[in-house]
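Colleague: Take a look at the letters that make up each chain.
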Amino acid sequence: MIEKIRRILKDHGRLAKEVESLPEDADLYQAGMTSHASVNVMLALEGEFDIEFPDHMLKRSVFESIAAMRDAVQQLTQA
Amino acid sequence: MTTEFDAQGFYDGLVAHGLIVPVRVQGAFGRGAVFEDVLERFNALVSRLSSGDGADHYTFPPVIDRTIIERTDYLDSFPHLAGTVFSFFGKEKQARELSERVHSGQPWSDLQGITDVCLNPAACYPVYPTIAGTLPAGGRLITMTNWVYRHEPSPEPTRMQSFRVREFVRAGAPDDVLAWRDQWLERGVSLLRSLGLPATPDVATDPFFGRAGKMLAASQKELKLKFEVLVPVLSLESPTAVCSFNYHQEHFGHVFGIHTQDGREAHTACLGFGLERVVMALFKTHGFDPRAWPTQVRDRLWP
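Keeping their order, the protein sequence lines are chains W and R.
This note's numbering puts the first residue of the first sequence at -10, with every later residue one more than the last.
This note's numbering puts the first residue of the second sequence at 1334, with every later residue one more than the last.
Just so you know, not all the hints are guaranteed correct.
[To be verified] In silico lysine-lysine, PhoX-like type, Cα no more than 20 Å apart, as pairs:
1. 1557/R to 1547/R
2. 1554/R to 48/W
3. 48/W to 1557/R
4. 1547/R to 1559/R
5. 1547/R to 48/W
6. 1426/R to 48/W
7. -7/W to 6/W
[Stated by the list, open to error] A partial selection of chain R residues facing chain W, derived with a Cβ cut-off under 8 Å:
8. 1406
9. 1409
10. 1555
Hints in this document: simulated from the structure, not taken from any laboratory.
Just so it is clear, CB atoms sit at the ideal spot from N, CA and C, and this is done for glycine as well.
So that you can see chain W by itself, here it is in the shape it has in the complex:
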């Protein structure tokens, strides 16, 4: 799953740094991800994992790191 998230970040995150070398807990906003980019990451995650983020999860902290996104996707795919 981490690899899929990294690929989505690479395609949609508009990060200033190499996604491959980012630690899983690195702050993606610090790494250059804008609010608009995070929306595209969110939509791509929904498509990739066939999930829909509920409204209360549409906030910055859910998408702030690779680990945070993994936790969120796991929570929704196990539900």
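Here the structure of chain W is known, so what remains is to put chain R in place on it, guided by the hints.
Modeller: Showing chain R alone in chain W's frame:
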């Protein structure tokens, strides 16, 4: 005047006193002479208050380069508010068809095509491409009074499809831009209070569209990128925003290539007084006849 809040009653009062002139569609009413006088007086007061700030003064028309809203993600964030200008590009035959369809009540919009302009959706938008490149030391400050369009017809007099905004745009280094925004937030509140308006500032969000918009709004709120100054006009519980502050961080600097002298992307912020809304707040607070307003308020507006 009255402390009761009633949107329809307030609209009817504005009409009855000749302050606004109803038209068939919502949010596009005309403005009477007294309404305009108050609006111009308030705008002049803002000019006096800011005369020492060194702002460049521009005026832009109500239409702007369509590529601006395409490049700035406006159509991603606010597809429901945008207004695009379409016009006729056909020849004789198509012109006859257009005429026939119009007069027989048939749909005719497919006989028009998109033009290079759209209605200006936010007072600050036209200025960013004009300041592309490297800013002078200390950045730039520009003020404008521009007509703005929002596709949100409503019976509420304070929600117009087209209205004027007295705007200030600051571009420069992040610290300078934020300090300027904070200074104006205080200044804006005290200006409105000096006119007897019960103005209060609050963190706010833009009306972003859809699910992506929920996320953008949550982010905007968390980062405190938008503030509004609110005055009760139609309701005590949901006061009306009469002044709005947006901190865009590097968004416009990135899109249009605006840089500070050290080569970094410039940050920008803007503030705008919704002029019609300020005027309506004055009529709501002090009554429909400006001649009967408190002397202190009149002295500020008619010095």
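Colleague: Work down the list of hints and note, for each, if the structure agrees.
Modeller: Now for the hints, and whether the structure bears them out:
Under the criterion of a C-alpha separation no larger than 20 Å, the hint pairing residue 1557/R with residue 1547/R is consistent with the structure, at around 15 Å. The suggested pairing of residue 1554/R with residue 48/W holds, with an alpha-carbon distance near 10 Å, which does not exceed 20 Å. For a cut-off of 20 Å, the pair hint linking residue 48/W to residue 1557/R stands: about 14 Å separates their Cα positions. Using a Cα cut-off of 20 Å, the hinted pair residue 1547/R and residue 1559/R holds, with the two alpha carbons roughly 15 Å apart.
Taking the CA atoms of residue 1547/R and residue 48/W, the gap is near 8 Å; set against the 20 Å cutoff, the hint holds. A threshold of 20 Å between alpha carbons decides the hint, and for residue 1426/R with residue 48/W the separation of about 54 Å lies outside it, so the pair is violated. Taking the CA atoms of residue -7/W and residue 6/W, the gap is near 17 Å; set against the 20 Å cutoff, the hint holds. The restraint placing residue 1406/R at the interface with chain W holds, with a minimum CB-CB distance near 5 Å, inside the 8 Å limit.
Taken as an interface hint, residue 1409/R checks out: its beta carbon lies about 7 Å from the nearest beta carbon of chain W, inside 8 Å. The beta carbon of residue 1555/R comes within 6 Å of a beta carbon in chain W, closer than 8 Å, and the hint placing it at the interface holds.
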